[in-house]
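K.L.:
Here's the letter readout for the chains.
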Amino acid sequence: MANPAENEPVRMMTPEQARSRRARNLALCLTIGGLVVLFYAVTLVKLGMRIGSM
Amino acid sequence: MSYASENADVPGATARISVAEPRDFFALLKPRVMSLVVLTALAGLLIAPGHLHPLLGFTALLAISIGAGASGALNMWYDADIDARMTRTRTRPVPAGRITPGEALAFGLTLSGFSVVTLGIVANWLAAFLLAFTIFFYAVIYTMWLKRWTPQNIVIGGAAGALPPVVAYAAATGTMAIEPWVLFAIIFIWTPPHFWALALVKSAEYARVGVPMMPNAKGPDRTRTEILVYSILLAPIGVAPWLMGFASLVYGVVSIIGGVAMIAFAVNVYRVRSAEHGDKAAMKLFGVSILYLFALFGLIVVERLIPFVMRLIW
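Quick mapping for you: the protein sequence lines, in order, are chains W and B. Going by my numbering, the first sequence opens with residue 6, and the numbers climb by one from there. Going by my numbering, the second sequence opens with residue -15, and the numbers climb by one from there.
No wet-lab data here; the hints were simulated from the structure. Treat each hint with caution, since some may be false.
Label pairs and their calculated CB-CB ranges [as the list claims (entries may be wrong)]:
(1) B:193 x W:54: 45 to 53 angstroms
(2) B:193 x W:18: 18 to 26 angstroms
(3) B:232 x W:57: 13 to 21 angstroms
(4) W:54 x B:71: 45 to 53 angstroms
(5) W:39 x B:255: 50 to 58 angstroms
Even glycine gets a Cβ: it sits at the ideal position worked out from N, Cα and C.
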């Protein structure tokens, strides 16, 4: 059975679309990276508080 | 919600590929409103008793700000049809076609969930519940219901904008107290004269898009009277943090001067009703009201931050 997606035209991005997608990806990458660092630091602080109160 | 702009003008195979920039998504968060939320929530955080680790305080503040921004994104998703027809809002990302309604909705819902869960984990679930309630109140009660239904929309809806100090206090303590509710009252009573001053000037636009703001629903005269009444109510409430002992004498003096200025400018709006000078008087009150709120909450923040920073330095 043929895959219907094979019959769809290839989507070509305009330079503007490509540039904006790259900018979105970069912003998302930086945001997620920042959140990883933040949550890691928060975990350390909360663990430290637990240990301190034991 | 009838507005749609899914890149419909882009032909053929390139349709539906987003051209949204990161700054468009940032604009969805209503950054100017967020700056006020950061300030008022920080005041709520700093008046809380006890010691909160600065990193936890920062993260709680971030979650509250993002929650407020998320409700702004949901507001822009729902109100895109109105925004497209008003000069003040037609360049917003959704009506301008830079972000699709679907993207705005997904962005708002994702950030809402993320901010509430983050605040629950980092601080406590009372604060998370209050933040969820704030988002719900702004996005559903105000945006979807009150805004297009009653001229009291911004009076009742103002509760959402007034809640951040209460959320922040709950994040720091896990409990409630009278002090954050005093800050709530200041913002709540400040909201009608602030927004109605702008609505007096933009009255025709609100009427054209069918939003029943006080000036176009009840008339400019009634609006001017209510602006004056709310300004008179605001002045003593603004002084309350000093009278109740959680703000300094400097705050007390500034809040008295600010309260008198608010009343004076509201009296000016009440008296000057000509088409030529009435708008100027209203815009002056609008500007003074922003200055008033930033001065009061800025002072509370600075007074609490100075000793904290001094402790860190020495």
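K.L.:
A separate judgement is required for each hint: does it hold in the structure or not?
P.N.:
So, going through the hints one by one against the coordinates:
no., hint, verdict
1, B:193 x W:54: 45 to 53 angstroms, "holds (51 angstroms)"
2, B:193 x W:18: 18 to 26 angstroms, "violated (35 angstroms)"
3, B:232 x W:57: 13 to 21 angstroms, "violated (32 angstroms)"
4, W:54 x B:71: 45 to 53 angstroms, "holds (51 angstroms)"
5, W:39 x B:255: 50 to 58 angstroms, "holds (52 angstroms)"
In the structure shown, a violation is registered for the earlier hints numbered 2 and 3, in ascending order.
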